[in-house]
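Protein chains in written order, with UniProt numbering: chain P, 1 to 212; chain V, 1 to 212; chain W, 1 to 212.
Derived from the structure by calculation, the hints contain no laboratory data.
Fair warning: there could be bad hints in the mix.
[What the hints assert, rightly or not] Label pairs and their calculated CB-CB ranges:
id	chain 1	residue 1	chain 2	residue 2	range
1	V	141	W	28	42 to 48 Å
2	V	73	W	140	49 to 55 Å
3	P	27	V	55	51 to 57 Å
4	P	106	V	73	53 to 59 Å
5	P	121	W	29	40 to 46 Å
6	P	106	W	144	28 to 34 Å
[Stated by the list, open to error] Listing some non-contacts, in silico: residues in chain P with all C-beta distances to chain V over 10 Å:
id	residue
7	20
8	23
9	79
10	89
11	97
12	153
13	179
[Said to hold, decoys possible] If the Cβ cut is set under 7 Å, some of the chain P residues that face chain W in the computed set are:
id	residue
14	9
15	10
16	11
17	12
18	13
19	122
20	133
21	139
22	143
23	169
24	170
All of these numbers come straight from a predicted model, not from anything done at the bench.
All C-beta atoms in this analysis are idealised placements derived from N, C-alpha and C, irrespective of residue type, glycine included.
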Amino acid sequence: MIEHVVLGGARSGKTAFAERATLTLAENAHVTPLYIATAVATDPEMRARIERHVQLRASRFVTREAPRDMLEIVDTLDPDAVCLIDCLATYMGTLWHDAGARVSDDALIAEGTALLEGLARRTPRFVIVSNEVGMGIVPETAAVRMYRDALGRWNALAAALAARVTLTVAGIPVQIKPSQHDTRSREQELRSREQELRSREQELRSRTADSP
Amino acid sequence: MIEHVVLGGARSGKTAFAERATLTLAENAHVTPLYIATAVATDPEMRARIERHVQLRASRFVTREAPRDMLEIVDTLDPDAVCLIDCLATYMGTLWHDAGARVSDDALIAEGTALLEGLARRTPRFVIVSNEVGMGIVPETAAVRMYRDALGRWNALAAALAARVTLTVAGIPVQIKPSQHDTRSREQELRSREQELRSREQELRSRTADSP
Amino acid sequence: MIEHVVLGGARSGKTAFAERATLTLAENAHVTPLYIATAVATDPEMRARIERHVQLRASRFVTREAPRDMLEIVDTLDPDAVCLIDCLATYMGTLWHDAGARVSDDALIAEGTALLEGLARRTPRFVIVSNEVGMGIVPETAAVRMYRDALGRWNALAAALAARVTLTVAGIPVQIKPSQHDTRSREQELRSREQELRSREQELRSRTADSP
Numbered sequence: 001m002i003e004h005v006v007l008g009g010a011r012s013g014k015t016a017f018a019e020r021a022t023l024t025l026a027e028n029a030h031v032t033p034l035y036i037a038t039a040v041a042t043d044p045e046m047r048a049r050i051e052r053h054v055q056l057r058a059s060r061f062v063t064r065e066a067p068r069d070m071l072e073i074v075d076t077l078d079p080d081a082v083c084l085i086d087c088l089a090t091y092m093g094t095l096w097h098d099a100g101a102r103v104s105d106d107a108l109i110a111e112g113t114a115l116l117e118g119l120a121r122r123t124p125r126f127v128i129v130s131n132e133v134g135m136g137i138v139p140e141t142a143a144v145r146m147y148r149d150a151l152g153r154w155n156a157l158a159a160a161l162a163a164r165v166t167l168t169v170a171g172i173p174v175q176i177k178p179s180q181h182d183t184r185s186r187e188q189e190l191r192s193r194e195q196e197l198r199s200r201e202q203e204l205r206s207r208t209a210d211s212p
Numbered sequence: 001m002i003e004h005v006v007l008g009g010a011r012s013g014k015t016a017f018a019e020r021a022t023l024t025l026a027e028n029a030h031v032t033p034l035y036i037a038t039a040v041a042t043d044p045e046m047r048a049r050i051e052r053h054v055q056l057r058a059s060r061f062v063t064r065e066a067p068r069d070m071l072e073i074v075d076t077l078d079p080d081a082v083c084l085i086d087c088l089a090t091y092m093g094t095l096w097h098d099a100g101a102r103v104s105d106d107a108l109i110a111e112g113t114a115l116l117e118g119l120a121r122r123t124p125r126f127v128i129v130s131n132e133v134g135m136g137i138v139p140e141t142a143a144v145r146m147y148r149d150a151l152g153r154w155n156a157l158a159a160a161l162a163a164r165v166t167l168t169v170a171g172i173p174v175q176i177k178p179s180q181h182d183t184r185s186r187e188q189e190l191r192s193r194e195q196e197l198r199s200r201e202q203e204l205r206s207r208t209a210d211s212p
Numbered sequence: 001m002i003e004h005v006v007l008g009g010a011r012s013g014k015t016a017f018a019e020r021a022t023l024t025l026a027e028n029a030h031v032t033p034l035y036i037a038t039a040v041a042t043d044p045e046m047r048a049r050i051e052r053h054v055q056l057r058a059s060r061f062v063t064r065e066a067p068r069d070m071l072e073i074v075d076t077l078d079p080d081a082v083c084l085i086d087c088l089a090t091y092m093g094t095l096w097h098d099a100g101a102r103v104s105d106d107a108l109i110a111e112g113t114a115l116l117e118g119l120a121r122r123t124p125r126f127v128i129v130s131n132e133v134g135m136g137i138v139p140e141t142a143a144v145r146m147y148r149d150a151l152g153r154w155n156a157l158a159a160a161l162a163a164r165v166t167l168t169v170a171g172i173p174v175q176i177k178p179s180q181h182d183t184r185s186r187e188q189e190l191r192s193r194e195q196e197l198r199s200r201e202q203e204l205r206s207r208t209a210d211s212p
């Protein structure tokens with residue numbers, strides 16, 4: 001199931017926040033947290049960089065690499081696993097890059113739907129990181145627009161399937177699901193309970209006044 | 001009047017949310033909702049795409065096209081009409097494109113001010129969709145920077161004139177006007193009413209103690 | 001100390017909001033507010049533009065220019081000064097530009113850390129404006145990616161050191177620190193006090209029933 005989606009811009013602190021959220025979930029469930037890495041080791045320098053990150057996380061996370069075919073890797077996990085997937089933008093970037101000139105909006109969206117609905121249906125619990133990339137100017141090239149639009153769809157689907165969604169802005173987590181609207185509903189409920197309490201008080205007061 | 005402004009990045013679910021908001025307003029007012037489309041049919045392919053969208057909305061909205069001179073079209077509407085305008089970014093893009101090399105910051109802002117103040121003064125009720133495009137890196141070309149800056153101004157003016165503003169992020173509506181600050185004020189008010197209630201309770205309790 | 005960080009996209013109203021916040025702080029402290037400008041007068045046109053802005057602000061702010069070596073200028077201020085720094089993005093842009101081909105991620109981050117920790121440690125009170133630039137597509141050139149990533153780090157550090165952080169969206173201030181989470185805590189507290197009140201009411205009611 002998708003416990004939490006953490007979205008944010010570049011260097012907005014999304015991974016750091018998602019790591020803390022995953023560690024808390026894992027601690028409460030008494031399991032070792034997993035880190036599902038999505039980067040592709042395209043050359044020895046990149047391989048060295050990936051290894052360095054695995055080492056940096058080693059005291060907190062066991063890393064599994066899933067740059068492609070993520071659901072196959074997810075199917076090898078314990079049913080009670082708690083996993084951080086970091087991140088959708090890189091994973092979709094690989095699909096987009098692999099497809100080359102044959103890339104299509106429909107194919108990217110179908111892949112995202114299969115992946116995210118697959119994660120939502122499975123028993124391990126996932127915290128998913130993704131990039132918000134749609135709040136700048138429209139990209140000039142069609143392929144980049146397709147990447148941006150498809151990632152927007154993936155993010156919206158992930159958020160719809162998640163129990164909780166956080167947007168990180170300059171390192172600050174802003175919870176957007178459950179939404180402010182729900183907070184307001186709770187406040188209204190509280191207010192109506194207050195009125196109920198007041199009218200009972202009125203009643204109580206009049207009974208007291210009647211009492212000899 | 002401008003009932004609601006819905007802002008969001010690419011594929012952030014802003015149109016879907018704005019459609020729901022418009023349908024609710026129209027339903028409560030017992031009128032058929034209108035959809036004011038802003039795309040220009042530059043070629044037969046685009047014309048076909050526009051027609052397809054009109055058909056997809058046909059069971060819910062009556063579509064009017066207003067890629068230019070929107071206030072003239074608005075002036076033909078019933079005074080109690082409820083209209084979704086989708087979207088400011090496309091409408092301003094057409095102005096920007098039409099102006100070509102003669103485009104200027106001042107002219108774009110004057111056009112936006114006339115349009116938005118015009119909508120605010122008229123009796124039909126408008127839900128307006130626009131794109132947030134200012135949270136990426138500064139565009140390299142001056143014309144694109146001008147587009148981005150002018151749309152930022154249009155969005156801020158639309159938001160200032162609107163009763164309600166929502167930012168959609170990954171399909172999730174985040175209400176930003178009325179603001180959290182107002183929510184906090186309501187909470188403080190609630191808290192002061194609670195203290196009032198407590199002091200009345202004290203009073204009531206002391207009267208009860210005195211009573212027998 | 002860093003009182004308030006105001007982040008926003010292009011033309012999102014961040015300076016206007018930060019000016020109001022600074023004026024309020026200065027008024028409450030009975031001091032003349034300072035405006036620390038960061039633009040570099042690269043040519044006579046830019047110099048004229050800067051002077052025009054200084055004049056426009058003259059009735060509200062005393063302007064000090066600090067396009068480089070900001071801490072040196074800060075050290076000449078009164079200890080009880082209230083200052084608006086507008087903005088980090090321009091200030092870092094100058095560092096980035098000055099470094100030219102020798103620019104490095106580490107150097108930019110070290111400069112930002114020295115600056116922001118320096119501001120936080122000093123006694124004058126700072127309101128800091130910065131741009132959110134990380135929510136668009138990844139820039140194509142490595143130098144621009146470096147700028148974007150380093151500014152993301154500066155913004156996160158500034159936000160971490162600040163008592164208050166606001167994101168402006170289409171002219172609307174959205175407070176993100178103290179966070180919604182804190183608002184929710186206050187609501188829960190309010191709810192538990194309500195339950196307390198109810199149980200006292202129960203007790204009161206039973207005593208009233210017993211009383212006559």
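(request) Taking the numbered hints from earlier one at a time, note which ones the structure violates and give those numbers from smallest to largest. (result) 2, 4, 5, 12, 13, 19 and 22
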